[in-house]
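On the provided structure of chain A, position chain B with the ligands as indicated by the hints.
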Amino acid sequence: MIDAQTLPLPDFPKVRYSAWQLDALSPSQATYETPQFLTDESGIEVSGLTTTYLALSADLQAQGVRLTSLMAAQKQWPELVADLMHRVIPATADRLTAQNAVQYNTGIFLYIPAHVVVPDVLHLVLNQLALTGDDLVARLLIYVGAHAKVSLLQQLNTIGDQKTKASVVIELIAAADAQVNYANLDQFGPQTTAYINRQAQINDRATVDCANVAFSDGQVLTELRSHANGEGATTHVCVSALTYQKQTQGFVTAVQNVGRHSVGHIFQRGVILNKSTLVFNGIGRIIKGAKGADAQQESRVLMLSRRARGDANPLLLIDENDVTAGHAASVGRVDEQQLYYLMSRGLSQTVARRLVIRGFLGDVLAALPTPSARQRVIAEIERKLQDEQ
Amino acid sequence: MTTLRIENLHVAVSGKEILKGVNLTVKTGEMHAIMGPNGTGKSTLSQTIMGHPAYEITAGHIYLDAQDLSDLPVDARARAGLFLAMQYPSEIQGVTNAEFMRAAINARRPEDQQMGIMAFIEQLDEKREFLGMTEEMADRYLNAGFSGGEKKRNEILQMMMIQPKIAILDEIDSGLDIDALKVVSRGVNHMRSKDFGTLMITHYQRLLDYIVPDYVHVMMGGKIVKTGDAALAQKLEAEGYAGLRDELGLDIVLTDEDADQYVEVAHD
Ligand SMILES: Nc1ncnc2c1ncn2[C@@H]1O[C@H](COP(=O)(O)OP(=O)(O)OP(=O)(O)O)[C@@H](O)[C@H]1O
Ligand SMILES: [Mg+2]
Chain A
1 MIDAQTLPLP DFPKVRYSAW QLDALSPSQA TYETPQFLTD ESGIEVSGLT TTYLALSADL
61 QAQGVRLTSL MAAQKQWPEL VADLMHRVIP ATADRLTAQN AVQYNTGIFL YIPAHVVVPD
121 VLHLVLNQLA LTGDDLVARL LIYVGAHAKV SLLQQLNTIG DQKTKASVVI ELIAAADAQV
181 NYANLDQFGP QTTAYINRQA QINDRATVDC ANVAFSDGQV LTELRSHANG EGATTHVCVS
241 ALTYQKQTQG FVTAVQNVGR HSVGHIFQRG VILNKSTLVF NGIGRIIKGA KGADAQQESR
301 VLMLSRRARG DANPLLLIDE NDVTAGHAAS VGRVDEQQLY YLMSRGLSQT VARRLVIRGF
361 LGDVLAALPT PSARQRVIAE IERKLQDEQ
Chain B
1 MTTLRIENLH VAVSGKEILK GVNLTVKTGE MHAIMGPNGT GKSTLSQTIM GHPAYEITAG
61 HIYLDAQDLS DLPVDARARA GLFLAMQYPS EIQGVTNAEF MRAAINARRP EDQQMGIMAF
121 IEQLDEKREF LGMTEEMADR YLNAGFSGGE KKRNEILQMM MIQPKIAILD EIDSGLDIDA
181 LKVVSRGVNH MRSKDFGTLM ITHYQRLLDY IVPDYVHVMM GGKIVKTGDA ALAQKLEAEG
241 YAGLRDELGL DIVLTDEDAD QYVEVAHD
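The listed protein sequences derive, respectively, from chains A and B.
Numbered according to my numbering, the first sequence spans residues 1 to 389.
Numbered according to my numbering, the second sequence spans residues 1 to 268.
Among the hints, a few may not be true.
[Unchecked claim] Partial chain A-side listing against chain B, Cβ under 7 Å, derived:
id : residue
1  : 338
2  : 340
3  : 341
4  : 343
5  : 344
6  : 345
7  : 346
8  : 347
9  : 348
10 : 351
11 : 355
12 : 359
13 : 379
The set of hints was computed from the structure by calculation and includes no laboratory data.
Every residue gets a Cβ at the ideal spot worked out from N, C-alpha and C, and that includes glycine.
Chain A on its own, in the form it takes in the complex:
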């Protein structure tokens, strides 16, 4: 048995989170009746301990695709799950990860065998039930086999309004030549303090493109880590975050280039409203032997309020000579001149700000795989701008 408390807390530079008590969790046993987000999409919705929705075409089932709650998967295919779990994120990586490994009691399992091409976007929806004061402790485990191809939309939501915590650990394995589009929409509620650890392992010539939309309302720590292990493994990690009111969101977004000619690009955009805080830590690491690797990152933060706090810290750690790498980071306020230009055509300040925010986050929004996901994000921007007034 792991003793999580002996391990150090994960490092989130410039984010003060010790008071958040993320290392004291009491996993919720709550169950739920009906799906809240899915109606006719392909995919799964898990609320608390209950699978409230599951739709997977007969064709995909026949090809061996497995999609269930994590607990059901452990009963049906115990060896397979045990074999895949912790391959990307070791159970003892840090205190919060270890705690999750010991305490998780819900989650989602997706297995796509080699050569399967999934035609529709697969939805993986996980809802925290904040109906009691207990916490969500969940894991997602996703395996995409060699030459398989899939587009995923993963959502995290809160149902209920109790003050709680959430710990979610997500592992994704892309086998050789797999192609994965992974978009996530994180929308935990204002009373939820969350720790999200999402990591991908990318093998030979596989591609994992991520669009990470971080629109939760409460305090959030997010670790996004891609391990470009294979020769020619490629990953583009896009992050778009909007913080408002008094919330803090802290990110560590890292790509590790291990494979020769591996490509890791990080592209982060954040908008900060009111008194909120947003910290982007971008880490590109190229290990010795990763010849021809390419590590790039660009992080930009836009503050729309004088009381906002933002940080964008790029870090490149390179142990190989024959590589290309670069970084750009900036923290800006909405340029007065731009706002003036827009307003000089008759737009009110509110409308002008809305256009600028949508525009600033636009590239990442465009990467969302469904119109309804984009619509949800636009509605969220609207709501947060309204609440700002």
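Frame of chain A, contents of chain B with the ligands only:
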């Protein structure tokens, strides 16, 4: 009829006085041109009329009909009928040209009379074609990566879509090739009506061959020092600002006083 009236306007930027008593009246139905040496305050005047926060009015007034504009923020001035084609238009990533223009038009309409997307596109296509702009430009981000000439055309496109009462065009001709100058001029002339007035700032007599002004004003040292008709622009082109200054007996130092000599040296 709408009247823009500027009375004894004094303006300072970062504590330095730039405009030193400008008087000017522009009515709908009239075409005015302002010429003047670099750095004399032409853009300062146009930005102050529009309401740029960096420009501080230290004395004098700007009225649009009975309304004192100092009470209105920039967006309200725009909705009241003013338009400024800027010398250096901003680039705004993420906001498409079309989206922006539709928002601008709808900002002038009541909630229940917003212009729908189809009607908008129809109008946009018509004006865009009139200005020889490609369809693709409507979907590009606002001015982002536009060439100098494309930006100027886009300012005129916005003007034609928004249909202001009084438009100030700050160097709408700079950076335009000869054909583009004709196209842009055609756009401005197309707007000419008893309900539209314009104040064009230009350095070149050429623009005024295409858009013939009713009045030409010369600005020097933060003031309008002379007003005439289109012939005044031709005279300036021939004699330069120094000639006019000396004729008027003004005590102003011009930066490029000896320009003619340089041209002669170059010919040697
Ligand atoms: N925002 C500003 N901050 C500081 N100085 C300014 C600002 N705007 C104008 N100025 C100064 O005011 C003076 C007048 O500038 P303005 O741009 O109005 O000149 P202009 O007549 O339009 O010149 P040009 O023909 O070169 O466009 C210049 O000395 C300029 O440097
Ligand atoms: Mg100027």
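Hint-by-hint comparison with the structure:
{"no.": "1", "hint": "338", "result": "5 Å, holds"}
{"no.": "2", "hint": "340", "result": "6 Å, holds"}
{"no.": "3", "hint": "341", "result": "4 Å, holds"}
{"no.": "4", "hint": "343", "result": "4 Å, holds"}
{"no.": "5", "hint": "344", "result": "5 Å, holds"}
{"no.": "6", "hint": "345", "result": "4 Å, holds"}
{"no.": "7", "hint": "346", "result": "4 Å, holds"}
{"no.": "8", "hint": "347", "result": "5 Å, holds"}
{"no.": "9", "hint": "348", "result": "5 Å, holds"}
{"no.": "10", "hint": "351", "result": "6 Å, holds"}
{"no.": "11", "hint": "355", "result": "5 Å, holds"}
{"no.": "12", "hint": "359", "result": "2 Å, holds"}
{"no.": "13", "hint": "379", "result": "17 Å, violated"}
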